[in-house]
Amino acid sequence: MSNTSAIDNQFLETELNVKAKRSETLFRILFMMMAALLILPVLIILTTLVVKGGSMISWEFLFSDPTNGMTEGGIFPALLGTVWLVGVALIISVPVGVAAAVYLSEYAPDNWFTRAINLAIINLAGVPSIVHALFGVGAFVIFFDFGTSILAASMTLAVMTMPVVIVATRESLQSVPHAFREACWNMGATRWQTIRRVILPNSVSGILTGVILEVSRTTGETAPIMFTGAAFFIPVLPQSVFDQTMALSLHLFVVATQVPHVPDALPYGVALVLVSMVLLMNSASIALRMHLRGKKKW
Amino acid sequence: MTQSSQQATGNLPNINERNLDWYIDKVVQYLVFLSGISAILLIVGIFVFVTIEGLGFLLEDFSFREFFLSPWWEPTDDDEPTYGILALMAGTASVTGLAMLIAIPFSLGSAIYVAEFATGKTREFLKVLIELLAAIPSVVWGFIGLSIMNPLIIDTFDVPVGLNILNAGIILGLMAAPIMTSICEDALKAVPDRYREAAEALGGTRWQVIYKTVLPAAKNGLLGGVLLGVGRGFGETMAVLMATGHAINIPGSVFDSVRALTATIAAELGETAVGSPHYQALFTIGIFLFSITFIINLTADLIVRGIRKS
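So the sequences go chain by chain: A and B.
Quick note: the first sequence uses the numbering used here, first residue 1, plus one each step.
Quick note: the second sequence uses the numbering used here, first residue 299, plus one each step.
Derived by calculation from the structure, the hints in this document are not laboratory data.
Mixed in with the good hints there might be a few duds.
Stated by the list, open to error - The list that follows gives simulated cross-link-like pairs (lysine-lysine, DSBU-like), each with its CA atoms no further than 35 Å apart:
#, chain 1, residue 1, chain 2, residue 2
1, A, K295, B, K425
2, A, K19, B, K324
3, B, K487, B, K425
4, B, K517, A, K21
Work the whole structure out from these sequences, hints included.
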């Protein structure tokens, strides 16, 4: 009897204990509210976009041309232009980005030069988008003489979003256990055979999540394409990569700021389409990543 | 037995022979290396091409005093164009400053909650929401500033214009917070669990463990995350262009409209003739922006690397 009470006494709460517990509860609630306050405005914003722009969304809105000085009609040329820009940017950046990640993960020694490459990747992602636009104008539009075209705009986008692919791919390659490589080398395979037959097949889904993320980033970018290939309004659809095009992100900027007498709901509709596309792609990427995490056997 | 093993040795390929696979391996190695260094080439390329386009202005009309100390940005003045970016720097600084005032406490708080307090489903849910938050394009944020925040600020504070530092600062804060939250969360995650276990074994509550042990250990990573957030805010273009009011102004209060460096380039580049002093002056602003963000990113990297070494 007396024994148990001694133990009970040992765990009795002192004044100091109670104070510490109280401050813990206080901070837990404070930080929870901060996290909630970070997310709340976004939920409000998304709801507003749906409420005000939802009435605009229809097949006709998505698949017809803007009419009457862009105050009526649909967004089809902008939607198609975004597909062009993103497609060409992917064709350029995915092979280079994946190869760069293969180098960093499989070949690069741990020295100052590799650190310089990593620093360059961080900087490539951190340079302001408008500076990327200036680079696109100076390099692709003027120096390589592509003119303001889908090609110039897509190359600018590719340069800007390549770090997304590199980082995701590198992570995915590094998650393949080293034993897989050793087993393959011991069979007499060359480095490339190991990468192609063992490492890439085991990390292809991880690379895919990075590519989807890049598509999402590229879809939303506006500043880098403003002066390199996207135009406010073009009456014809692009026929080749040397044509200019409209783009959804720029179209939102234009109808929100540049065109007079636009009905209120129109820019909300455009914003809703853009946000839905981006969020859908990001959700797909997240879902794929979670699915993979559950499936991993090593 | 002996015979069969001899036969096997005889059939083994000569490993010194340079067959097709050997050459493919070499070629791939060079291709992959070339892609690897492309990041460095591109960063150098960005600096070189932007500098080339701005060089004419740097060599002729550029005056250090006027460029950095004059508040007058009047490149289209017929008689005497002036290129002073002081007011533009003030605009960028005030908006970024307010954004960081909002974003830093909120992202630190959220990062601590997600990394240290939240568990299981709640944590996954918060992480996904924060990641989605980071995905909203900047032009959409700008549109939100223009169409939702603008009337809200006019009504709430009874001011004539709602496109001002307050508007752009809040928008930019909301944009930077998710990025900073996930970097800070990574920094907290990098603190080994044995630190927490040791502190808890000494009888510390969860908060005492975080405050006395985890935060000091993650200090550099957190600082690096904050710096990267500053860099993002500093370089943001579309949202700032749409939400600041775009008026050249050295601000006196948060209700003043301002104009940012990035927004100036975005708004004026399309209207200038290629090669004109005005066009070259915009590229000179670009060199300035590039240099500042390069320094910020470099510092952040050095700080974060500092902890890994020690």
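Checked hints:
no.	hint	verdict
1	K295(A) / K425(B)	20 Å, holds
2	K19(A) / K324(B)	67 Å, violated
3	K487(B) / K425(B)	13 Å, holds
4	K517(B) / K21(A)	24 Å, holds
When the structure is compared with the earlier hints, a violation turns up for hint 2 alone.
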